[in-house]
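Chains Z and V, in that order, give the protein sequences. The numbering of the first sequence is the numbering used here, which starts it at 1 and goes up by one. The numbering of the second sequence is the numbering used here, which starts it at 1001 and goes up by one.
Simulated from the structure, these hints should not be mistaken for laboratory data. Treat the hints loosely; a few may be bogus.
What the hints assert, rightly or not - Okay, the calculated bits of chain V under chain Z, using three or more residues with CB under 8 angstroms as the criterion: (1) 1032 to 1038; (2) 1051 to 1058; (3) 1122 to 1136.
We put the CB at the ideal spot given by N, CA and C, even for glycine.
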Amino acid sequence: MSESTARFEPSVVPADGPEPRVKGGWLDRYAHLVGPGTLRALEALARRLRGHRLVMVNTTKTGGGVAEILHRLVLILNELGVPTSWEVMEGDERFFNVTKKIHNALHGRTEALTDEDREVYAERTRHEAQRLALDGDLILIHDPQPAGLISLRRAPGQRWVWRCHIDLSSRDPDHWEFLRPSVSQYDASIFSAVEFVPPLPIPTYLVPPSIDPFSEKNRAMEAEEVAAIVERLGLNRRGGPWVTQISRFDRIKDPIGVIEAFRMVRARRRARLLLAGGGASDDPEGAEVLAEVLERAKKVKDVTVLELPPGSDVEINALQRASTVVMQKSLREGFALTVSEALWKRRAVVASAVGGIPLQILHERTGLLARSIEGAAFQTVRLLDNPDLRHDLGAEGRAHVRDNFLHTREVRDYLAVFTSLL
Amino acid sequence: MTKPFQFSTVAHIEYPAGRVATGLATLREGIARVPPESLFFHITRVMVRYPRARDLPPNDFANWTAAALQNLEVAERLAFAGAQPLVELEDLRSSLIRILDEALSKKHAEDAMEAAAFHFISARSVKAPLGFTADSPEQVVQLWPLVDPSAAFYHLVEARVLGPAEDNIVDWLRVQGAPRFAESAEDLTRGGIPLFRLQREIGARWRRSEITKRLLRRTERSDATRRQEARAVVARFAGRLRKPPRENDE
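Throw the hints in and build the complete structure from the sequences for me.
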């Protein structure tokens, strides 16, 4: 065996490598989940980025899935010896109203972009371009809000990558035309799924999102803690197994369809439906949908509707763990990481075959897919009747998430993309 | 003397291959025209996506044909055609096209809804040396449990099908005069079993085939050394018995 490889410890680093990975850090917590070989592979990929600095840019440090992911990714990349900083583009209410409008339009909810909106966006971009420290070798810009920075701040030799977390398959053409000239200047773009990608003149890569198994929403929980949280929420665990959908009250999540499917289930089996979610208090349409759901729920036996405030991560964790079947009967979806969250907890999942769900649910292996209300009811009854099937799907589902939807996999993908660009 | 074998891991950069299928005809067209890397992604790389599965799911084409087109007969034929990871990609392409041509000639096939279209993906690999090399087949056996599943896949399957040949571990073992090691690895890989099991079973088979050699080596050592080694083995075993099994891997 050659000299540099005599020690078979995970900390083996060849003579020309960077500083060894930080021990006892966040990444070490993954060792027993993904195995030391996977961490060694991350170290090997990180060595290829030796001498390069990365900068992540988004518009918020707290709240939202992107910020949640960035907190961990920045930490992990630094632990791997890849210096990574995180810059937050700031904005006032006017700017965020415009970017919210763009965000909605890219999802398909059109509202015209005025000249004033365009000016607000441009003005804030100019202001932030002067303030932000964008001095890395690779700048990773997340989502549309900071996309315009490239034309003002790109330095020679830098690589700029646009990371889009939004499903652009139903994008509004006017809003996209507003963004496209900026996006086209990037060296590459990254999307979560192939279905979300619009035509672009730059290379496009696919990096699915991932979950943090140690976050409040996903961390391990003892049965006593689950019971205490459920009790605190005023829910009764008697009266049959729970079928649960946790989603904001939005028509595309089809809460009425879930109630209808449960009505069919309840006619044949003893069970309870729990519809839990947020988004009603600050969204006029959400409040309207919640009112409809409450009205419909009154007509079906054993249905509970629970409005969760923002930040109810521990509660969501407990509710998923207390459920026998988790549903995600959406009519349209982005990536739907809620499915991975439920699979991680070894839950049996019934979900629609839309958006990123089929990447997470392989029918009859990691969960069950349904395409209709009757289909959702049929698969739910199957799961309620069959603990062995629930156990098997739950075990395979967790293994699938472990290999494909934890942060370690997303970091690995990013390291590969960055290496190919630098 | 040949070069030492350098273990590397790979990460796969995925990107759209620029084709979409909504039915058997467009699936056939896509399969006929996408680059080999795309076929490799949709068929062979299923092993990497489901490394811990009890048995491997069918390839992406078969899975989509069953789920979106509800054509179970064609799906199972596509699944069977793609169930052999070491086959040449152009042979594989021909087999898939033949199955689809036969299906298309029989009856009018239903198309899938636009929302359920099949988007072809391609991928290219970024290689990163793991930092350990083996000078002999025995050292390969020692190092094998330390490599990650992607590295195992790369050296057993990808380097053989897509190259480069120097990273093909089976060829290297043959050149090193270890044909039995090479054959057992090749046989198991050809079976198309899930990656974790494949890596574990290859390692176990290699170790078993070294038992005689190890015993012979032991007989050449002094009694004192052998007693010391035996005590270490017993201590390791006792340690294992003392350690409670982990109930929860969270």
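*Go through the numbered hints given earlier and state which of them the structure violates, listing their numbers in rising order.*
The structure breaks only hint 1.
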